[in-house]
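S.K.: Protein chains in written order, with our numbering: chain Z, 1 to 149; chain A, 1001 to 1114.
Honestly, the hints are just simulated from the structure, not real lab data. A hint or two may mislead.
To be verified - Here are the computed lysine-lysine pairs in the DSSO-like style, where the Cα-Cα straight-line distance is at most 30 Å:
#1 28/Z / 1019/A
#2 28/Z / 1002/A
#3 1042/A / 67/Z
#4 28/Z / 1017/A
#5 67/Z / 1017/A
#6 1002/A / 76/Z
Said to hold, decoys possible - From the derived model, a few chain A residues whose C-beta atoms are all more than 10 Å from chain Z:
#7 1010
#8 1011
#9 1032
#10 1063
Built from N, CA and C at the ideal position, the CB exists for glycine as well.
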Amino acid sequence: MREEARVTKEGKELQEETVSLAVPSHPKYLYVVRSAVYPVLSSAGFSRSETRKMVLAVDEACSNIIKHAYAGDTTKTIWLTLTLGGDRLRIELRDSGKKVDAGKIAPRDLKDIRPGGLGTHFMNSVFDSVQYDTSGGEGTLLTLTKKRS
Amino acid sequence: MKIEIVSEKTDAGYLLKLKGDVDMSSSPEVRSALGEAFRQGKGARALFVDLSQVRYMDSSGIATLVEAMQTCMKQGARLRLIDLSPAVRDVFEMARLSSVFDIFASVSDAAKGL
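Input sequences plus hints: build the corresponding full structure.
M.R.: Structure (structure tokens):
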């Protein structure tokens, strides 16, 4: 965990706290991700229900990385960074796998009852913004942000 | 995190009790247990799945239950879910599935009218 102070234009000091985690791209480590993320979000002032939903969305993001970016390869790494600063929570997930085609990612129609395809819907419904950045050298940087109430 | 699955035969069909986390890691085990319940309970009127002890469920768990519902429909049986834990209720609410599944407070309630 890292703490660092930033100063706004108005001279107000903002304390930023960052928690970083690197986990193997194996489904058995999703539990580790959830166990690490839950207390951080819970202590940041989110309600129990909001926290559960955000943890679910982060878990789904990791599952998507395992399935799509790494095509099931369990020997790769997923990097997570949670940053709490000011009135906002930012969660970054980075992989070194196949870059996502953000234009093709769309939540499925919930009226279409079928297995699969809910992860993107969960992320979009829980977080204020969901952004995919493929401009780096390899992999994708997914950034999830949410305003703290 | 392991999933514990207990399967038992009831008068109206098979009952599966799940305890633990249903995620991408454990869903194959749940899917396999459901498949076994379908084989063992062929001709049964219903398959009951008790979700009261499920601490966590993700979209792979939802997918497993949707598949089970589709299999039940093909076999002319009912899939009845029992006592959703708060975590399961959250994910059902987010996926707007509460009206898609038959959900009951207890096995005895779920067995009524079969």
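S.K.: All hints are to be evaluated individually against the structure, with a verdict given for each.
M.R.: Results for each hint:
| no. | hint | verdict |
| --- | --- | --- |
| 1 | 28/Z / 1019/A | holds (16 Å) |
| 2 | 28/Z / 1002/A | holds (9 Å) |
| 3 | 1042/A / 67/Z | violated (33 Å) |
| 4 | 28/Z / 1017/A | holds (21 Å) |
| 5 | 67/Z / 1017/A | holds (28 Å) |
| 6 | 1002/A / 76/Z | holds (22 Å) |
| 7 | 1010 | holds (26 Å) |
| 8 | 1011 | holds (29 Å) |
| 9 | 1032 | holds (15 Å) |
| 10 | 1063 | violated (3 Å) |
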